[in-house]
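Peer 1: So you can see what is in the structure, the chains are spelled out below.
Number of protein chains: 2
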Amino acid sequence: MFYLIGLGLGDCKDITVKGLEIVKKCDKVYLESYTSILTCGVEALEQFYGAKLILADRDLIEQGADEILDDAKHSDVALLVVGDPFGATTHTDLVLRAKEKQIDVKCIHNASILSAIGCCGLQLYSFGETVSIPFWTDTWQPDSFFEKICNNHRNNLHTLCLLDIKVKEPTLESMTKKKKVYMDPRFMSVKEAAVQLLEILKKSESIVIDESSLCIGLARVGAEDQQIVACSLSKMASVDLGGPLHSFIVVGPKLHPLEEEYLLQFRIV
Amino acid sequence: MFYLIGLGLGDCKDITVKGLEIVKKCDKVYLESYTSILTCGVEALEQFYGAKLILADRDLIEQGADEILDDAKHSDVALLVVGDPFGATTHTDLVLRAKEKQIDVKCIHNASILSAIGCCGLQLYSFGETVSIPFWTDTWQPDSFFEKICNNHRNNLHTLCLLDIKVKEPTLESMTKKKKVYMDPRFMSVKEAAVQLLEILKKSESIVIDESSLCIGLARVGAEDQQIVACSLSKMASVDLGGPLHSFIVVGPKLHPLEEEYLLQFRIV
Chain A
1 MFYLIGLGLG
11 DCKDITVKGL
21 EIVKKCDKVY
31 LESYTSILTC
41 GVEALEQFYG
51 AKLILADRDL
61 IEQGADEILD
71 DAKHSDVALL
81 VVGDPFGATT
91 HTDLVLRAKE
101 KQIDVKCIHN
111 ASILSAIGCC
121 GLQLYSFGET
131 VSIPFWTDTW
141 QPDSFFEKIC
151 NNHRNNLHTL
161 CLLDIKVKEP
171 TLESMTKKKK
181 VYMDPRFMSV
191 KEAAVQLLEI
201 LKKSESIVID
211 ESSLCIGLAR
221 VGAEDQQIVA
231 CSLSKMASVD
241 LGGPLHSFIV
251 VGPKLHPLEE
261 EYLLQFRIV
Chain B
1 MFYLIGLGLG
11 DCKDITVKGL
21 EIVKKCDKVY
31 LESYTSILTC
41 GVEALEQFYG
51 AKLILADRDL
61 IEQGADEILD
71 DAKHSDVALL
81 VVGDPFGATT
91 HTDLVLRAKE
101 KQIDVKCIHN
111 ASILSAIGCC
121 GLQLYSFGET
131 VSIPFWTDTW
141 QPDSFFEKIC
151 NNHRNNLHTL
161 CLLDIKVKEP
171 TLESMTKKKK
181 VYMDPRFMSV
191 KEAAVQLLEI
201 LKKSESIVID
211 ESSLCIGLAR
221 VGAEDQQIVA
231 CSLSKMASVD
241 LGGPLHSFIV
251 VGPKLHPLEE
261 EYLLQFRIV
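Residue numbers (UniProt numbering), protein chains in the order written: chain A, 1 to 269; chain B, 1 to 269.
Hints were generated in silico from the structure; no laboratory data involved. Heads up, some of the hints might be wrong.
Copies of the same chain look alike in the list, so a pair counts if it works inside one copy or between any two.
Unchecked claim - No farther apart than 20 Å at their CA atoms in a straight line, the calculated lysine to aspartate or glutamate pairs in the DMTMM-like style are these:
1) K99 x D225
2) K101 x E259
3) K235 x D57
4) K254 x E147
5) K101 x E261
6) K99 x E173
7) K99 x E259
8) K99 x E260
9) K177 x E261
10) K99 x D240
11) K52 x D11
12) K177 x E46
13) K99 x E62
14) K106 x D11
15) K254 x D59
16) K101 x E260
17) K191 x D11
18) K106 x E259
19) K25 x D164
Between the sequences and the hints, there should be enough to build the whole structure, so can you do that?
Peer 2: What follows is the structure, given as structure tokens:
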């Protein structure tokens, strides 16, 4: 059996009881380590689960899928995923490949940032399409997500912006070489996201989003040291919320009175 | 301390390890019992948690909030919520009241249908605004959710439709009386949702949604006997997916190849 097990968002105890029971009985346990991270380290996970974890980066999961799955034909194999397993396309692809090989798949759901984001008090039903904000480079500065934020705003909806993470990314120079050199991990902060949005605003003729638009910055949702601030986009460009992971919300134009009241506790000016 | 603890979507073992530890140490444990249900009964929960559960219906939570919270000033009180605690407005309101009373609040996140819905293979980032489909009565047949579905469709987005549940609703006749008589619990099925949508179609001039629009019906997501079917809206009106809870998706007009491939396993004609 091939198990996809969500780990939730905080530390090792955010796994479900069902998930933990399965991890403990599995012959091989992989930890997907490139679409998200927990606030605790891998050692803490291994100790708590009582299992050796095999770190699975993008290469291993995308190119080594056969290897991972073939074991699951005759034994129990688990892939642990931060958040909920169906948050990323790669995992859907893995399930398809498993089914082709006639391997049974079971998914253990858990908290995802897509619903945990409700902790800021905004109603989950008032969010539009979720967008991703990628790190810009000197030569690649995509901004198509901005139109989606504006579109949500016009429809009176909030936008959850997932912020880029780069883990085990080869350097540009080593991309074509046999021996890859990897960059240090990078996690986009709400500050960096705000700066990129302000850059886009300079060039755009948007009349729905501007420097004064209300935004929410969240850090380490679900962890003990979770932080939330609500302020204007321009103010957010100087906010420091500490370590990863961060999430960013562009608030819709009209708030429900309960949303408004709830946000007061996070307001900074 | 006042704890809001998500139970996830399936049975008693879908609580997180952290959540279970807290339940076991709490002095009073309420189970919110009107916005959702688990597939296992209350007795199974009590036995597994080793705690007596106080069933909290809408009246108790909305009118008895003071009573629930005042205990939390001097002892540990938990409110257990199916799914993730911030899925419903009532719980946000409770947190606000707790803060007014200067009671510390802690939230333990868990899987919510809003992200677990990814189990059907549709990308979570391709969903627009979530809508709720309410039970119609002879005199009350709201259809404002239909415009939202059409709007998502025009934006090339899927729509998750949460289906109404009625638990401990007083009968119309007893509403004004002192002694309330309660209706049997009702949970909208994908079949009923499809029938209502087809009714709306008859009266509307929609050119984006029609009888042949692709829909997905899901039952008991996260449970052992989870079921998923994908078919046209008209076909869905004759589909029986068994016991509650059901969820419904109106699929957007364009599918990603991976979404398309994944849905094949659920297709019926």
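Peer 1: For each hint, tell me whether it holds in the structure or not.
Peer 2: Each hint, compared with the structure:
1. Taking identical chains as interchangeable, the C-alpha atoms of K99 and D225 lie at most 20 Å apart only when they sit on different chains, with a minimum of 18 Å there against 40 Å within one chain.
2. Taking the shortest alpha-carbon separations for K101 and E259, only the inter-copy value of 19 Å comes in at or below 20 Å, while the best intra-copy value is 48 Å.
3. In the homo-oligomer, the alpha carbons of K235 and D57 never lie at most 20 Å apart, since the shortest distance is 36 Å inside one protomer and 42 Å across protomers.
4. In the homo-oligomer, the alpha carbons of K254 and E147 lie at most 20 Å apart both inside one protomer (19 Å) and across protomers (19 Å), since each shortest distance falls under that limit.
5. In this assembly of identical chains, the alpha carbons of K101 and E261 lie at most 20 Å apart only when taken from different copies (15 Å versus 52 Å within one copy).
6. In the homo-oligomer, the alpha carbons of K99 and E173 never lie at most 20 Å apart, since the shortest distance is 38 Å inside one protomer and 53 Å across protomers.
7. Taking the closest pair of Cα atoms, K99 and E259 come within 20 Å of each other only across two copies (15 Å); inside a single copy the shortest separation is 43 Å, beyond that limit.
8. In this assembly of identical chains, the alpha carbons of K99 and E260 lie at most 20 Å apart only when taken from different copies (15 Å versus 47 Å within one copy).
9. Taking CA atoms no more than 20 Å apart as the test, K177 paired with E261 passes in neither setting, with 55 Å inside one copy and 34 Å between copies.
10. For the identical chains of this complex, K99 and D240 are neighbours neither inside a copy (45 Å) nor across copies (25 Å), given an alpha-carbon limit of 20 Å.
11. In this assembly of identical chains, K52 and D11 lie within 20 Å of each other by CA distance solely inside one copy; the values are 17 Å within and 28 Å between copies.
12. When the C-alpha separation of K177 and E46 is checked against a cutoff of 20 Å, the pair qualifies neither within a copy, at 34 Å, nor between copies, at 59 Å.
13. For the homomeric pair K99 and E62, the shortest alpha-carbon distance inside one copy (16 Å) is at most 20 Å, but the shortest distance between copies (47 Å) is not.
14. Only between protomers do K106 and D11 lie at most 20 Å apart by alpha-carbon distance; the minimum there is 15 Å, versus 23 Å within a single protomer.
15. For the homomeric pair K254 and D59, neither the shortest alpha-carbon distance inside one copy (44 Å) nor that between copies (29 Å) is at most 20 Å.
16. Within a single copy, K101 and E260 get their C-alpha atoms only as close as 51 Å, which misses the 20 Å cut-off; across copies the closest is 19 Å, which meets it.
17. In this assembly of identical chains, K191 and D11 lie within 20 Å of each other by CA distance neither inside one copy nor across copies; the values are 24 Å within and 40 Å between.
18. In the homo-oligomer, the alpha carbons of K106 and E259 lie at most 20 Å apart only across protomers (18 Å), although the nearest pairing inside one protomer, at 37 Å, exceeds that limit.
19. Taking CA atoms no more than 20 Å apart as the test, K25 paired with D164 passes in neither setting, with 34 Å inside one copy and 38 Å between copies.
Figure legend: structure checked against the earlier numbered hints; hints not met, in rising order: 3, 6, 9, 10, 12, 15, 17, 19.
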